[in-house]
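Note that the protein sequences, when read in sequence, are chains F and P.
Residue 1 is where the first sequence starts when you use the numbering used here, and the numbers rise one by one after that.
Residue 1 is where the second sequence starts when you use the numbering used here, and the numbers rise one by one after that.
Treat the hints as calculated values from the structure; they're not laboratory data.
Think of the CB as a built atom: it goes at the ideal place given N, C-alpha and C, for glycine as much as any other residue.
Do not rely on the hints blindly, as some may be mistaken.
[Said to hold, decoys possible] To be clear about the criterion: a stretch of chain F counts as covered by chain P if any three or more of its residues have a C-beta under 8 Å from a C-beta of chain P, and this derived list gives those stretches: (1) 36-44; (2) 146-158; (3) 184-190; (4) 411-423.
[Unchecked claim] Not everything, but these chain F residues come out facing chain P in the computed CB check (under 10 Å): (5) 19; (6) 242; (7) 440; (8) 446.
Here is how the chains run, residue by residue.
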Amino acid sequence: MSGTAQPHRWIDRERLGYAEICAAVADPIQKRGPGRAWAIAFLGALPFVLATLAAIGAVLTLGIGLSGVNTTVVWGFSIANYVWWIGIGNAGTLISSMLLLTRQHWRASINRFAEAMTLFAAAIAGIFPIIHLGRPLYAYWLAPYPNTMDLWPQWRSALVWDFWAILSYLLFSLIFWFTGLLPDLATMRDRAETRIGRRFYGALALGWRGSARHWALYESFHKAMAALAVPLVCSVHSIVGLDFAASLMPGWQESIFPPYFVVGAMYSGFAMVVVLAITIRWGLNLQALITPAHFDAMAKVMLFASIVMTFSYATEWFMGWYGGDHADRSVIAYFFTGDYRWLYYSLLFCNCLVPQALWFARVRLNLWALALIAVVINLGMWLERILIVWNTLSHGHAVSLWRTYHVSFYDVVILIAPLGLFAFGFLVLARIFPIVSIHEVSQIAHDEGAAAAGVPKGGVA
Amino acid sequence: MSAPLLAEFATPEALVRAMRLAQADGHRALDAFTPFPVPDLTDAFAPSRNPVRPIMAMAGFGAAAAMYALQWYSSVIAYPLNSGGRPLHSWPVFLLVPFEFGVLAAAIAGLVAMFWACGLPRLHHPLFAIPQFERASQDRFLLLVAAKDADATALRESLERAGALLVAEMHA
Numbered sequence: 001m002s003g004t005a006q007p008h009r010w011i012d013r014e015r016l017g018y019a020e021i022c023a024a025v026a027d028p029i030q031k032r033g034p035g036r037a038w039a040i041a042f043l044g045a046l047p048f049v050l051a052t053l054a055a056i057g058a059v060l061t062l063g064i065g066l067s068g069v070n071t072t073v074v075w076g077f078s079i080a081n082y083v084w085w086i087g088i089g090n091a092g093t094l095i096s097s098m099l100l101l102t103r104q105h106w107r108a109s110i111n112r113f114a115e116a117m118t119l120f121a122a123a124i125a126g127i128f129p130i131i132h133l134g135r136p137l138y139a140y141w142l143a144p145y146p147n148t149m150d151l152w153p154q155w156r157s158a159l160v161w162d163f164w165a166i167l168s169y170l171l172f173s174l175i176f177w178f179t180g181l182l183p184d185l186a187t188m189r190d191r192a193e194t195r196i197g198r199r200f201y202g203a204l205a206l207g208w209r210g211s212a213r214h215w216a217l218y219e220s221f222h223k224a225m226a227a228l229a230v231p232l233v234c235s236v237h238s239i240v241g242l243d244f245a246a247s248l249m250p251g252w253q254e255s256i257f258p259p260y261f262v263v264g265a266m267y268s269g270f271a272m273v274v275v276l277a278i279t280i281r282w283g284l285n286l287q288a289l290i291t292p293a294h295f296d297a298m299a300k301v302m303l304f305a306s307i308v309m310t311f312s313y314a315t316e317w318f319m320g321w322y323g324g325d326h327a328d329r330s331v332i333a334y335f336f337t338g339d340y341r342w343l344y345y346s347l348l349f350c351n352c353l354v355p356q357a358l359w360f361a362r363v364r365l366n367l368w369a370l371a372l373i374a375v376v377i378n379l380g381m382w383l384e385r386i387l388i389v390w391n392t393l394s395h396g397h398a399v400s401l402w403r404t405y406h407v408s409f410y411d412v413v414i415l416i417a418p419l420g421l422f423a424f425g426f427l428v429l430a431r432i433f434p435i436v437s438i439h440e441v442s443q444i445a446h447d448e449g450a451a452a453a454g455v456p457k458g459g460v461a
Numbered sequence: 001m002s003a004p005l006l007a008e009f010a011t012p013e014a015l016v017r018a019m020r021l022a023q024a025d026g027h028r029a030l031d032a033f034t035p036f037p038v039p040d041l042t043d044a045f046a047p048s049r050n051p052v053r054p055i056m057a058m059a060g061f062g063a064a065a066a067m068y069a070l071q072w073y074s075s076v077i078a079y080p081l082n083s084g085g086r087p088l089h090s091w092p093v094f095l096l097v098p099f100e101f102g103v104l105a106a107a108i109a110g111l112v113a114m115f116w117a118c119g120l121p122r123l124h125h126p127l128f129a130i131p132q133f134e135r136a137s138q139d140r141f142l143l144l145v146a147a148k149d150a151d152a153t154a155l156r157e158s159l160e161r162a163g164a165l166l167v168a169e170m171h172a
């Protein structure tokens, strides 16, 4: 770590006792009111929530014609949004599990809201395939159940894979998040001053006592979950990649798609975590727990992912040319010279060029610059997903069918409004549950010697 | 037999030291309660047989196998459908859903196994009646020891000498 003069690497305070950690996380929820910034953000998010509900209601009543899709470009914003949101969700799990397994202890202060981000993002992502089905009332046909029609799901269909991937992922994330939260719910129960608070957190904590026996079982379960989460996340986004790669379309039928989607997910997700971390750190005054060193580490991950993405794009172009197939070569040429070329150049600017600024420590440690880059990356990753859909479908095998996509009003609403729904979920969550893991931060404070009284810098009690 | 003593410490190190001293004297350490896992304590009190991971493995592999069998049965026996000339038993793509489902089943089974092995949910416990216990989830480290003989005074003194801030009796 360069450029900062903080006493401990991951805790920005000479001394931070366990009681102070509990107070820093729990008191904003239990003792203080929501505050003006929260109220403004909440009121600001409400119209977006209503707009999301209205858009979903409209497309369920009036039909998929509201979207800008046509008989050639049969996929549109819904699919791009789906891939974007599930990608954001994936990074939350990756941060939690991969960093737990590799003993990156700095994850302690960011993993809780990264997991919450996963929950909301995966839940929002799950809406899109359903409203894009065309006949959403038959969504349950994806599940195998005995029925009077004597029908079974088509197991070779990417839609069925998606159904299981999202379902498993969403429930798995919920369990993983709740497990990590359980000891903190007990802390909240023990700190609650009102009767309602004691009952609410007491019921959710299920009687957790923090006994050494509990901790032993907890750790074996939590680590096993983390070990399962990494392949699960990779498989979920690989399946999303297979939605495209298992087709016969030029520009999609590429074996690089599954890994390339996984890296893309990590990339946009880390960018989202940075945005959330900056907001939460400011909103809840958690400067002591979320330190410049955290942002430095996350910025390095984004930089790495940016380089891998750039190589993936280059591999795609090279393989298109090297494969020698006319349709493939023609789609690659269409990227750069076709109807959507300006969007494609913007994508390359956002995903490949801008993040190179993260080579410089000064940029990594400047939160304004970091927030801006993170937003640009998320924009670029959304452009990537919509262009994967548009470029191939607008330029398929049959020349007579070439058409472009025309963005409708509904498309714009369903793109922007869920962001408000996401913010809404987060705002509500931040008022109910500890947004930073109390027990994991206490542990890191102990290990770094920040919690022990009178222990000098770097010392171990 | 006197009631077990619950001793409160400010640091995990003090607790571990006191526990070792008490055990050396022949007392029996019953449990420890801490705001975060302390490796020395989880080693000392870990259940001799931890069922969580074996159950997760069984549930995961079992559910995956069952899902594979369902796919095979539905697409080969119950509803054979020629889709683009692919074999009815398309095993490579039949691996995707069992994997997802197996992971989910392992997670659910693991959660249930963990709660079952912990004896949770149990919303009330005699320990909750002791006022100092509510700090075990925040900033204090508690040790529960049973004295070897009827008179716990010696144990109480040894705990206090080892740095206990407060020693209370626990009545079940």
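Going through the hints against the structure:
1. 36-44: Violated - the segment 36-44 of chain F has 0 residues with a Cβ nearer than 8 Å to chain P, which falls short of three.
2. 146-158: Holds, because 7 residues of the segment 146-158 of chain F bring their Cβ atoms closer than 8 Å to Cβ atoms of chain P.
3. 184-190: holds (count 4)
4. 411-423: Answer violated; 0 residues pass the 8 Å Cβ test.
5. 19: Since the shortest Cβ distance to chain P is 4 Å, the answer is holds.
6. 242: holds, 8 Å
7. 440: With a closest approach of 7 Å, the residue 440/F hint holds.
8. 446: This interface hint holds because 7 Å falls under the 10 Å limit.
Hint violations for this structure: numbers 1, 4, all remaining hints satisfied.
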